[in-house]
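Peer 1: Each chain, written out:
Protein chains: 2
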Amino acid sequence: MINIGIVGYGNLARGVECAIRQNPDMALAAVFTRRDPATVKILTPNVPVLSLDETAAWKDRIDVMILCGGSATDLPKMTPVIARDFNVIDSFDTHAAIPAHFAAVDAAAAESGHIAFISVGWDPGLFSVNRLYASAILPNGKDYTFWGKGVSQGHSDAVRRIPGVLDCRQYTIPVPEAMDRVRAGENPELTTREKHTRYCYVVAEDGADKAAIEHAIKTMPNYFSDYDTTVEFITMEEMRRDHAGLPHGGSVIRSGVTGWNGESRQTIEYKLTLDSNPQFTACVLVACARAAMRMKARGVAGCQTIFDVAPADLSPMSREDMLAHML
Amino acid sequence: MINIGIVGYGNLARGVECAIRQNPDMALAAVFTRRDPATVKILTPNVPVLSLDETAAWKDRIDVMILCGGSATDLPKMTPVIARDFNVIDSFDTHAAIPAHFAAVDAAAAESGHIAFISVGWDPGLFSVNRLYASAILPNGKDYTFWGKGVSQGHSDAVRRIPGVLDCRQYTIPVPEAMDRVRAGENPELTTREKHTRYCYVVAEDGADKAAIEHAIKTMPNYFSDYDTTVEFITMEEMRRDHAGLPHGGSVIRSGVTGWNGESRQTIEYKLTLDSNPQFTACVLVACARAAMRMKARGVAGCQTIFDVAPADLSPMSREDMLAHML
Numbered sequence: 001m002i003n004i005g006i007v008g009y010g011n012l013a014r015g016v017e018c019a020i021r022q023n024p025d026m027a028l029a030a031v032f033t034r035r036d037p038a039t040v041k042i043l044t045p046n047v048p049v050l051s052l053d054e055t056a057a058w059k060d061r062i063d064v065m066i067l068c069g070g071s072a073t074d075l076p077k078m079t080p081v082i083a084r085d086f087n088v089i090d091s092f093d094t095h096a097a098i099p100a101h102f103a104a105v106d107a108a109a110a111e112s113g114h115i116a117f118i119s120v121g122w123d124p125g126l127f128s129v130n131r132l133y134a135s136a137i138l139p140n141g142k143d144y145t146f147w148g149k150g151v152s153q154g155h156s157d158a159v160r161r162i163p164g165v166l167d168c169r170q171y172t173i174p175v176p177e178a179m180d181r182v183r184a185g186e187n188p189e190l191t192t193r194e195k196h197t198r199y200c201y202v203v204a205e206d207g208a209d210k211a212a213i214e215h216a217i218k219t220m221p222n223y224f225s226d227y228d229t230t231v232e233f234i235t236m237e238e239m240r241r242d243h244a245g246l247p248h249g250g251s252v253i254r255s256g257v258t259g260w261n262g263e264s265r266q267t268i269e270y271k272l273t274l275d276s277n278p279q280f281t282a283c284v285l286v287a288c289a290r291a292a293m294r295m296k297a298r299g300v301a302g303c304q305t306i307f308d309v310a311p312a313d314l315s316p317m318s319r320e321d322m323l324a325h326m327l
Numbered sequence: 001m002i003n004i005g006i007v008g009y010g011n012l013a014r015g016v017e018c019a020i021r022q023n024p025d026m027a028l029a030a031v032f033t034r035r036d037p038a039t040v041k042i043l044t045p046n047v048p049v050l051s052l053d054e055t056a057a058w059k060d061r062i063d064v065m066i067l068c069g070g071s072a073t074d075l076p077k078m079t080p081v082i083a084r085d086f087n088v089i090d091s092f093d094t095h096a097a098i099p100a101h102f103a104a105v106d107a108a109a110a111e112s113g114h115i116a117f118i119s120v121g122w123d124p125g126l127f128s129v130n131r132l133y134a135s136a137i138l139p140n141g142k143d144y145t146f147w148g149k150g151v152s153q154g155h156s157d158a159v160r161r162i163p164g165v166l167d168c169r170q171y172t173i174p175v176p177e178a179m180d181r182v183r184a185g186e187n188p189e190l191t192t193r194e195k196h197t198r199y200c201y202v203v204a205e206d207g208a209d210k211a212a213i214e215h216a217i218k219t220m221p222n223y224f225s226d227y228d229t230t231v232e233f234i235t236m237e238e239m240r241r242d243h244a245g246l247p248h249g250g251s252v253i254r255s256g257v258t259g260w261n262g263e264s265r266q267t268i269e270y271k272l273t274l275d276s277n278p279q280f281t282a283c284v285l286v287a288c289a290r291a292a293m294r295m296k297a298r299g300v301a302g303c304q305t306i307f308d309v310a311p312a313d314l315s316p317m318s319r320e321d322m323l324a325h326m327l
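Protein chains in written order, with the working numbering: chain A, 1 to 327; chain B, 1 to 327.
Quick caveat, the hints were computed from the structure, so don't treat them as lab data. Treat the hints with care, as some may be off.
No distinction is drawn between identical chains; accordingly, a pair holds when it is met within one copy or between any pair of copies.
Below, computed lysine-lysine pairings styled on DSS-like, alpha-carbon distance capped at 27 Å [to be verified]:
no.: 1; residue 1: Lys-59; residue 2: Lys-77
no.: 2; residue 1: Lys-218; residue 2: Lys-195
no.: 3; residue 1: Lys-142; residue 2: Lys-195
no.: 4; residue 1: Lys-296; residue 2: Lys-59
no.: 5; residue 1: Lys-271; residue 2: Lys-142
no.: 6; residue 1: Lys-296; residue 2: Lys-77
Predicted model, so just to flag it, every value in this text is computed and none were measured.
Bound-form chain A, shown alone (with noise of 0.2 Å):
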């Protein structure tokens, strides 16, 4: 049985609870706040919910923390820090920063003798072994990431910092001709603008000016100025009615030749459809709390990521059954 802990407790953290629950091997040891633990209702009966002050009194209790925090501000602090008593697992999810963070993880955790897995879920994450696959056995080709449809938080808490706006659900959305494109061979050059346009829900305050608004949105740069984005004005019960879930999603494809001259064109395409992205993603990080306790088990140790793990690792079937049903 693997014992697990979860610090942070939002979306991603209810998400995690759901998927232990869907494995049998795994168990949900305790829950770490921040916030005054009394106030925080989780879904699993008889666990306890604690203060992020507590975690040093449970290193003989928890196998692996799986840190549920930020990636702008919480996990850069956070997962060095509880990787001197922990093993760690973290969604760590801004691209740029990965090499930044896994240095500083791996200092922790190689000093500690912890294993610690960062940038777990699915982009970062099964995208990445996607396009680490595609890219080692066609050489030869173009890598192609689209996201969506789905909801953006980053964007849809950007609109909501606008003044007049209550609420904002801003979704990706995947431009179809340049996929096709894409799925076809033709390795385009492809901008910004073409692959991605961004659809906006709105609800405004009462009497707040629309239309500055949606000059707001549009013009807003980094976030929407490079792409077509539409906004549409909507009350707060159509918001709560028809934007409660967070599906998302995407493609990962990349398109090569082979043969003595390049003659054979191939395309590989690995496509998510997420009714649920924070459950989603909370099942990647449980599957790899499994592969961590495997590979600590070996006497691996230090900062990895989804491309050090064998799938085998993953998975809690034997060797047998997957040599006779999987492979």
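The hints should help you fit chain B onto chain A, whose structure is shown.
Peer 2: For chain B alone, coordinates are given in the frame of chain A:
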């Protein structure tokens, strides 16, 4: 530089030659054949073609032998024998016989201290590894594998053995409606007939009884009787003009539920669209040769499968580049 030897010289071996050419860290050292070496012309200049009896003299000059024999009779004998002297990779694809082949190869490789990979390719191979990832991540779900549209060489051969048949190309075609239901997350129970159809292009001898040939095909047990099969008679010229390639592909789809009460549907699809089945299989074999050398250097010996390979070992990229650009 990884020095590769090839045993056997057919379509798959030619694909391996082409793949080695695309990987700057690899070189072809020699090709070994059971035929008269003087009759075998290979693509790569200045590489010897030798008799299969001469492998022993190459023990120090070849890092990995890629075995390109057939699964029916060649590989069950060949892989354990060659694993006594070399690290080996094969593409053994008789699914039901994999456990026995694994045991035989493992005994030979473990005793000699070599590393041996069996059943590398796309199915078994990349499809298998995607079934494994998906089942580990979505334990409450169901797997589907669809093949095609593509040429099945086994089925084409079976038709060629019917009296009066000069040539045949058999295409396996997934049923679009079945794939749509699976992609939509319905998790249907599908019979063999509901998943795939078969289409045979046949060249008959002059004066052959075409009705008898068609009947013999459609009622052939195991190969055709469980499928809706279409037979179309064409000329030898049409066969050469329209059916010279060996395209294939397919999809592995797993659809499962997550959430406390299974309220969210999550679907993972891995899809291959291949102009050349043997060239693509060869690319996987060659990437696996790189992983074999890295694992061997860390002391791994005995029989392995794609399940045992950490994806990082397949790639020529440095860890720094992977973290910065691929994760």
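Peer 1: Hints first: check each against the structure and report whether it holds.
Peer 2: Comparing the hints with the structure gives:
1. Lys-59 / Lys-77: Result: close within a single copy only, 19 Å intra versus 52 Å inter.
2. Lys-218 / Lys-195: Within. Shortest intra-copy distance 17 Å satisfies the 27 Å Cα cut-off; inter-copy 46 Å does not.
3. Lys-142 / Lys-195: within (15 Å within a copy, 32 Å between copies)
4. Lys-296 / Lys-59: within (15 Å within a copy, 35 Å between copies)
5. Lys-271 / Lys-142: Result: close both inside a copy and across copies, 17 Å intra and 16 Å inter.
6. Lys-296 / Lys-77: within (23 Å within a copy, 37 Å between copies)
The structure meets every hint from the earlier list without exception.
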